Amino acid sequence: MKHKLMLGRYIEGQSLLHRLDPRSKLAGMLCFIAAVFLINSYVTLFIGLVFTLIIIVLTKIPLSYYIRAIKPLIFLIAFITLFHIFFHTEGARMLKVGVFSIYSGGLEKGLVAAGRMTLFIAFASVLSFTTQPDRIANALGSFLRPLKRLGVPVERLTLMLSLSLRFIPTIFEEAERIWKAQVSRGFSLADQPLKEKAKRTIALLVPVTSSAFRRAESLADAMEARSYRLGASRSQYRQMLWKRSDTLFVLSFTLPICLITLFN
Amino acid sequence: MGITFEQVSYRYKERALKQHLALDHIDLSLKTNQFITIVGAPGSGKSTLLQHLNGLLRADHGTIHVLDMVISPSPAKLPKGLNQRIGLVFQYPEQQLFKETIWEDLLYGPLNFDMSKTEAELAAKTAAEFMGLDDLILAKCPYQLSSGQIRKAAIAAVLAAGPEIIVLDEPTASLDASSRLELMTLLHRQCQEQGRTVIVVTHALEEVAPFTDQIIVMDEGTIAFVGKPHELVNRTDLIDKAGLQIPAAYELYAALQKPLRLSKLDHYPSAAELAAVIKAAIS
Amino acid sequence: MPLMYNQDDKHKPPAIQLNNIRFQRGSHTVLKQLSISIPAGQWVAIAGCNGSGKSTLARLINGLLQASSGKIIIHGQPLQQEHIYDVRSQIGYIFASPDDQFIGLTVRDDIAFGLENLCLPREQIEQRIQTYAKLLHLTELLDRHPATLSGGQKQRAALAAVLAMQPSVLILDEATSMLDSHFRDQLLQCLQALHVEQQLTLITISHDIKELSAADRLIMLHDGVILADGKPEDLLIQQQLLKACRLEAPYVLELCKELRLQGIDIGESINEQEVLNKLWALLSSRSPIAIKSAR
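Protein chains in written order, with our numbering: chain A, 75 to 338; chain B, 244 to 526; chain C, 515 to 809.
No lab work stands behind these hints: they were computed from the structure. Careful: at least some of the hints might be erroneous.
Here are the simulated DSS-like cross-link-like pairs (lysine-lysine), alpha carbons at most 25 angstroms apart as the crow flies [to be verified]:
hint: 1; chain 1: B; residue 1: K471; chain 2: B; residue 2: K484
hint: 2; chain 1: B; residue 1: K522; chain 2: C; residue 2: K724
hint: 3; chain 1: B; residue 1: K256; chain 2: A; residue 2: K145
hint: 4; chain 1: B; residue 1: K256; chain 2: B; residue 2: K274
hint: 5; chain 1: C; residue 1: K771; chain 2: B; residue 2: K507
hint: 6; chain 1: C; residue 1: K745; chain 2: C; residue 2: K757
hint: 7; chain 1: B; residue 1: K360; chain 2: B; residue 2: K256
hint: 8; chain 1: B; residue 1: K501; chain 2: C; residue 2: K546
hint: 9; chain 1: B; residue 1: K320; chain 2: B; residue 2: K360
hint: 10; chain 1: B; residue 1: K507; chain 2: C; residue 2: K792
hint: 11; chain 1: A; residue 1: K170; chain 2: A; residue 2: K145
hint: 12; chain 1: B; residue 1: K501; chain 2: C; residue 2: K757
hint: 13; chain 1: A; residue 1: K254; chain 2: B; residue 2: K507
hint: 14; chain 1: B; residue 1: K522; chain 2: A; residue 2: K271
hint: 15; chain 1: B; residue 1: K320; chain 2: B; residue 2: K342
hint: 16; chain 1: A; residue 1: K254; chain 2: B; residue 2: K323
hint: 17; chain 1: C; residue 1: K757; chain 2: C; residue 2: K771
hint: 18; chain 1: B; residue 1: K383; chain 2: B; residue 2: K323
hint: 19; chain 1: C; residue 1: K546; chain 2: B; residue 2: K484
hint: 20; chain 1: A; residue 1: K269; chain 2: A; residue 2: K254
hint: 21; chain 1: B; residue 1: K383; chain 2: A; residue 2: K269
hint: 22; chain 1: A; residue 1: K254; chain 2: B; residue 2: K320
hint: 23; chain 1: A; residue 1: K271; chain 2: B; residue 2: K484
hint: 24; chain 1: B; residue 1: K383; chain 2: B; residue 2: K360
hint: 25; chain 1: B; residue 1: K522; chain 2: A; residue 2: K254
hint: 26; chain 1: A; residue 1: K271; chain 2: B; residue 2: K471
hint: 27; chain 1: A; residue 1: K273; chain 2: B; residue 2: K471
hint: 28; chain 1: C; residue 1: K757; chain 2: C; residue 2: K724
hint: 29; chain 1: C; residue 1: K546; chain 2: B; residue 2: K522
hint: 30; chain 1: B; residue 1: K501; chain 2: A; residue 2: K269
hint: 31; chain 1: B; residue 1: K507; chain 2: B; residue 2: K471
hint: 32; chain 1: C; residue 1: K757; chain 2: C; residue 2: K546
hint: 33; chain 1: A; residue 1: K273; chain 2: B; residue 2: K507
Which chain B residues face chain C? A few, computed with CB under 10 angstroms, are given here [as the list claims (entries may be wrong)]:
hint: 34; residue: V313
hint: 35; residue: P316
hint: 36; residue: G405
hint: 37; residue: E407
hint: 38; residue: D480
hint: 39; residue: Q488
hint: 40; residue: S506
Model, not experiment: these values are computed from the prediction. A virtual CB, placed ideally from N, CA and C, is assigned to each residue, including glycine.
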């Protein structure tokens with residue numbers, strides 16, 4: 075049986091981070107984003123980096139996995155860095171490259187921006203490596219629950235999220251098969267202007283979409299046949315237990331936030 | 244001319260936990276103008292093998308000769324026209340239909356392969372007629388057809404491009420019994436009357452036994468058997484491993500062979516033939 | 515004339531009763547004045563060509579569709595929209611597509627899904643997951659995502675998920691049509707065991723002669739009416755009935771016909787061993803031939 079790429083790239087383990095309630099990890103993520111936003115200098119970046127490395131060590135997952143997660147986005151990071159470097163003119167002029175000049179202020183801004191992006195990706199990886207996708211979905215669902223009072227269809231959204239997680243690999247496989255079938259019939263996007271390419275993609279979009287609709291209908295029948303009713307109360311098999319370690323984890327974010335604010 | 248695999252190997256490219264060989268140094272030589280069946284357990288490499296025939300997958304090592312074309316491992320370029328001359332029909336081919344009418348879908352392949360409008364229309368008409376799809380059906384949208392009709396339409400769409408070899412992965416999956424027989428008969432006629440090479444992957448040995456000239460059994464990326472169906476039925480080890488069932492014709496013949504002192508089988512015995520043989524043995 | 519089936523247990527209340535059911539879809543009448551009575555514990559197979567109304571009939575029983583007229587009575591209670599969710603927990607339904615009925619992210623979650631809908635407490639859900647996973651040999655696969663499972667494994671998971679809800683009736687709507695013959699046999703064996711051990715009322719819709727002949731009773735539908743209703747071994751030897759349901763005569767039945775043409779009359783059967791025994795009896799005075807038995 076082929077082992078397909080799993081969504082979320084969950085990596086099995088028993089570390090402290092693995093055993094935390096997904097809600098605390100999600101809450102931690104929000105705190106972390108706040109902290110990262112406040113980073114604006116080499117010093118504050120260093121604080122953020124240390125904190126992130128501590129968390130990475132706690133996941134007991136080798137650093138190479140995180141580097142592999144960052145690699146695909148290296149061009150984006152480089153672009154942002156260069157953008158800042160060339161378009162900020164504060165500080166002392168350090169280098170002259172033809173028409174462009176690099177200033178120390180720009181360099182700092184560029185490196186800090188790159189650092190922030192990297193930290194962000196690293197933490198997102200911590201979340202996805204240590205938490206199974208459906209648990210993230212459960213956590214999101216529980217966070218959104220108070221919004222029910224405002225008329226937000228929380229149950230529907232949570233259902234959509236978990237069904238997406240269930241079906242994305244399956245639909246991806248089907249899309250691949252349809253692509254292969256069309257290629258076998260002479261489908262090709264090579265050497266075509268963009269407009270023509272877009273037009274030709276209908277050969278992929280129509281089958282995949284109509285199949286998705288068909289699936290949705292069958293799925294609705296299957297769910298109803300198993301006594302599912304939208305809005306009816308149901309029990310919950312998967313439990314999320316908030317322990318003391320979870321509270322401590324979320325509270326621990328106050329340290330970097332305070333430090334970063336101090337050194338801001 | 245024929246189909247030859249010379250020491251072809253292929254490893255899955257996905258981020259798999261175990262990287263094993265999907266095709267393990269395959270050596271295979273097949274004649275054209277035949278009805279060939281490929282069987283094997285799930286994961287034995289059948290679908291992978293099929294996709295090497297029209298260049299969808301490229302071997303890591305080894306050379307594949309198809310008709311007068313040579314397929315070498317990448318980065319060598321694929322021979323021109325490979326796609327058109329080898330028609331590949333995937334499982335549940337009706338999923339690939341996307342045009343508003345069946346007729347337009349039949350034209351899709353031929354037009355993609357740079358046939359003129361007139362040529363394409365003639366090719367589509369011929370394919371439709373062969374598969375028994377009349378003008379009424381051709382004007383319909385895919386959702387209005389029965390499962391048997393839509394399967395025939397999808398296969399006609401591949402036939403319309405005029406391939407010399409047609410390869411089908413489980414063409415009868417999910418169809419009712421009569422539609423299965425109908426489809427197999429049509430594919431056999433493609434071989435007999437049109438001279439096309441037909442390669443079918445299936446596990447329903449029962450429905451393919453009366454038609455197939457050769458059977459290939461794959462096992463864990465290797466070729467475990469090449470020969471005639473009546474030769475395969477004695478290989479119970481292969482039959483069990485591939486999850487196959489011996490067709491009733493062979494089972495009954497085998498049960499009657501010794502007591503009625505029947506001669507060794509060298510082809511598939513139809514019910515009429517077997518009845519005649521029994522009558523002769525009894526009288 | 516449709517053949518009537520003689521009920522052995524006339525005193526038992528029928529598990530399922532359909533009285534004069536009619537189902538209309540637009541201008542097309544899919545089911546016309548259908549009346550069927552299925553006693554508890556019976557295994558009924560339903561055959562018919564596409565469009566004969568087999569799936570419609572099945573979906574009427576578990577309330578996925580509503581009849582245009584007529585009454586449906588399940589375990590003595592008439593089927594009404596208000597009680598539909600209670601009824602659904604008693605009638606398990608397995609669909610043809612292994613993927614499109616796999617709801618959870620793992621086998622475990624899929625089995626839990628229906629139980630959560632029944633508002634069972636967590637401990638009971640856990641218990642049932644373990645029991646039914648064991649029954650269907652899924653214990654090692656409990657934490658796998660469906661994209662890593664084969665069609666047969668997914669159908670087993672569907673069966674576990676539905677059985678865990680402990681229905682009294684199980685409907686299988688072409689549940690094996692997308693599987694290969696190996697899994698088909700596996701599932702058939704499983705059903706045979708369940709039928710004996712748990713006395714479930716089974717309704718199987720199929721195109722496969724082997725599956726149809728495993729049932730106690732066969733109902734053949736054609737164009738929305740009952741064409742035949744009787745024992746599978748009696749109905750499946752009739753050429754016109756087979757044709758109407760788009761079934762093909764198995765090889766052994768063809769052989770019987772050809773033998774008759776040759777002047778050798780051993781009657782008609784779809785059972786290979788039976789035919790061999792009859793041939794042997796005809797040749798007389800020797801011990802029976804046996805086929806090397808399949809799994």
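Against the structure, the hints come out as follows:
{"no.": "1", "hint": "K471/B to K484/B", "verdict": "holds (18 angstroms)"}
{"no.": "2", "hint": "K522/B to K724/C", "verdict": "violated (28 angstroms)"}
{"no.": "3", "hint": "K256/B to K145/A", "verdict": "holds (19 angstroms)"}
{"no.": "4", "hint": "K256/B to K274/B", "verdict": "violated (31 angstroms)"}
{"no.": "5", "hint": "K771/C to K507/B", "verdict": "holds (24 angstroms)"}
{"no.": "6", "hint": "K745/C to K757/C", "verdict": "holds (17 angstroms)"}
{"no.": "7", "hint": "K360/B to K256/B", "verdict": "violated (39 angstroms)"}
{"no.": "8", "hint": "K501/B to K546/C", "verdict": "violated (53 angstroms)"}
{"no.": "9", "hint": "K320/B to K360/B", "verdict": "violated (29 angstroms)"}
{"no.": "10", "hint": "K507/B to K792/C", "verdict": "holds (23 angstroms)"}
{"no.": "11", "hint": "K170/A to K145/A", "verdict": "violated (29 angstroms)"}
{"no.": "12", "hint": "K501/B to K757/C", "verdict": "violated (35 angstroms)"}
{"no.": "13", "hint": "K254/A to K507/B", "verdict": "violated (44 angstroms)"}
{"no.": "14", "hint": "K522/B to K271/A", "verdict": "violated (67 angstroms)"}
{"no.": "15", "hint": "K320/B to K342/B", "verdict": "violated (31 angstroms)"}
{"no.": "16", "hint": "K254/A to K323/B", "verdict": "holds (18 angstroms)"}
{"no.": "17", "hint": "K757/C to K771/C", "verdict": "holds (16 angstroms)"}
{"no.": "18", "hint": "K383/B to K323/B", "verdict": "violated (34 angstroms)"}
{"no.": "19", "hint": "K546/C to K484/B", "verdict": "violated (47 angstroms)"}
{"no.": "20", "hint": "K269/A to K254/A", "verdict": "holds (22 angstroms)"}
{"no.": "21", "hint": "K383/B to K269/A", "verdict": "violated (29 angstroms)"}
{"no.": "22", "hint": "K254/A to K320/B", "verdict": "holds (18 angstroms)"}
{"no.": "23", "hint": "K271/A to K484/B", "verdict": "violated (46 angstroms)"}
{"no.": "24", "hint": "K383/B to K360/B", "verdict": "holds (21 angstroms)"}
{"no.": "25", "hint": "K522/B to K254/A", "verdict": "violated (52 angstroms)"}
{"no.": "26", "hint": "K271/A to K471/B", "verdict": "violated (47 angstroms)"}
{"no.": "27", "hint": "K273/A to K471/B", "verdict": "violated (47 angstroms)"}
{"no.": "28", "hint": "K757/C to K724/C", "verdict": "holds (16 angstroms)"}
{"no.": "29", "hint": "K546/C to K522/B", "verdict": "violated (47 angstroms)"}
{"no.": "30", "hint": "K501/B to K269/A", "verdict": "violated (71 angstroms)"}
{"no.": "31", "hint": "K507/B to K471/B", "verdict": "holds (13 angstroms)"}
{"no.": "32", "hint": "K757/C to K546/C", "verdict": "holds (21 angstroms)"}
{"no.": "33", "hint": "K273/A to K507/B", "verdict": "violated (60 angstroms)"}
{"no.": "34", "hint": "V313", "verdict": "violated (34 angstroms)"}
{"no.": "35", "hint": "P316", "verdict": "violated (29 angstroms)"}
{"no.": "36", "hint": "G405", "verdict": "violated (31 angstroms)"}
{"no.": "37", "hint": "E407", "verdict": "violated (29 angstroms)"}
{"no.": "38", "hint": "D480", "verdict": "violated (14 angstroms)"}
{"no.": "39", "hint": "Q488", "verdict": "holds (6 angstroms)"}
{"no.": "40", "hint": "S506", "verdict": "violated (18 angstroms)"}
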